[in-house]
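2 protein chains.
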Amino acid sequence: MTPVDPGPTAAMITIGDEILSGRTQDANMPFLAQALAAKGIPMREARVVPDVAEEIVAAVNALRAKYTHVFTSGGIGPTHDDITADCVAAAFGVGIGVREDARAILATNYADPERDLNEARLRMARIPDGAALIDNPVSKAPGFTLGNVHVMAGVPRVFQAMVAALLPGLADGVPVLSESIRIDLPEGRIAGPLRLVAEAHPDVSIGSYPFQNDGGFGANIVARSTDPAALAEAMAALREMAALLAAPA
Amino acid sequence: MTPVDPGPTAAMITIGDEILSGRTQDANMPFLAQALAAKGIPMREARVVPDVAEEIVAAVNALRAKYTHVFTSGGIGPTHDDITADCVAAAFGVGIGVREDARAILATNYADPERDLNEARLRMARIPDGAALIDNPVSKAPGFTLGNVHVMAGVPRVFQAMVAALLPGLADGVPVLSESIRIDLPEGRIAGPLRLVAEAHPDVSIGSYPFQNDGGFGANIVARSTDPAALAEAMAALREMAALLAAPA
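Quick mapping for you: the protein sequence lines, in order, are chains A and B.
Going by the UniProt record's numbering, 48 is the number at position 48 of the first sequence; the sequence numbering is gapless.
Going by the UniProt record's numbering, 37 is the number at position 37 of the second sequence; the sequence numbering is gapless.
Think of the hints as simulated: they come from the structure by calculation, not from any bench.
Listed next, with one range per pair, are the computed distances between beta-carbon atoms:
#1 R115(B) / A246(A): 16 to 24 Å
#2 E54(A) / D135(B): 32 to 40 Å
#3 D203(A) / G215(B): 45 to 53 Å
With a cut-off of at most 20 Å between alpha-carbon atoms, the simulated EDC-like pairs for lysine to aspartate or glutamate come out as follows:
#4 K140(B) / D214(A)
#5 K140(B) / D184(A)
#6 K66(A) / E55(A)
Please read these numbers as outputs of a predicted model, since none were measured by experiment.
C-beta atoms are modelled at their ideal positions from N, C-alpha and C, and glycine is treated no differently.
Can you make the complete structure from the sequences, with help from the hints?
In structure tokens:
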């Protein structure tokens with residue numbers, strides 16, 4: 001259903017037992033997916049992995065080989081369970097240590113760096129060899145880019161600030177345009193004609209996302225394409241289909 | 001940080017471009033993670049994959065080899081983009097076709113099955129060879145279990161009903177107990193003593209989940225263990241640590 005991506009692609013790794021526990025919803029993935037879509041970089045896969053080194057390393061290596069960009073969220077703070085930077089260094093097989101530029105940036109966050117930039121906080125200046133820093137205007141501790149992997153904080157406000165700092169520097173793809181139409185009928189009545197519309201518009205990816213509310217079943221039909229004319233034609237066909245389905249038999 | 005799992009484990013695959021687009025938040029993963037946790041089956045990994053057959057097949061095969069249970073959500077409806085059942089059959093290398101028991105269940109959903117059980121709807125009775133059906137009290141169309149893979153609907157109300165039908169039949173693990181304490185200090189001040197507490201309580205997994213709100217930075221410290229006594233000892237140590245940190249210097 002999904003057309004082959006002609007341009008850059010992205011994947012995300014959300015790191016943390018807390019998201020996996022189900023108690024905290026991951027707000028960063030939807031935020032990033034929408035920000036990337038606006039740049040024409042589709043999110044093609046997302047994973048949530050636990051705070052376990054070998055799992056993080058394996059996910060980084062699997063996804064960086066497959067997608068143009070990999071974004072990580074979480075595990076770059078000062079506590080003992082923050083192991084993302086070490087895992088990314090291990091995935092690339094490079095060294096890691098406190099870097100002076102990162103230490104200098106961190107120091108600007110404290111009134112008395114000699115006292116406040118303690119051993120735990122200095123962990124946040126540990127940067128893999130060869131990485132470029134990602135600016136963090138909220139709380140200073142930088143993220144970093146190593147190869148095609150962009151390592152960012154888990155706290156949503158910091159994550160969003162890092163995305164804002166990072167994205168303008170990435171090459172744009174061709175934005176995927178999308179339009180949708182809501183049909184208040186069960187998918188089983190929509191599916192037959194919808195397949196015909198989808199087959200007649202091969203340059204448009206057409207998905208059906210069913211919902212149920214108190215009024216019964218319905219579906220949002222979403223059409224996506226990089227070609228505005230093809231999208232308009234598909235939407236016209238979908239509107240015609242919806243009108244026919246709504247007409248009395 | 002995360003202890004080795006002594007009992008059953010779980011992973012989830014959420015299928016659908018719509019979740020990957022960021023427009024729709026995945027409510028099924030958090031719901032399932034919490035339901036499984038209550039049974040002592042920890043969620044160890046979650047993936048969101050697009051509506052692309054080879055991606056779905058690869059994720060199913062990677063995760064079913066690694067975890068006790070794999071749960072999928074989405075892509076089992078009647079429309080052309082619902083390809084999950086075929087992909088799971090392909091992952092296991094088994095056939096798939098309309099099964100009479102599934103067709104009979106589906107038929108009960110329609111006043112006039114001869115008329116209403118159209119070709120598209122019959123797709124929902126296509127079940128891989130050897131699978132057991134999962135009851136769907138909401139809208140009849142069943143899910144299924146093949147090997148250790150449990151295939152369920154994406155619509156949250158239907159997904160939740162299928163989870164309720166499925167979970168009582170799965171063997172319980174040892175529930176992981178968790179308690180948390182909120183500390184309204186930046187992680188950089190917590191991290192040093194927290195590491196000592198974590199090292200002193202190796203049977204307890206202690207994670208720090210930072211947040212930022214208008215009052216500044218803070219962290220929820222979450223302790224998890226299958227051993228109630230060990231958890232109580234760790235929590236006592238965490239409370240003592242928090243009191244010391246809050247005391248004036």
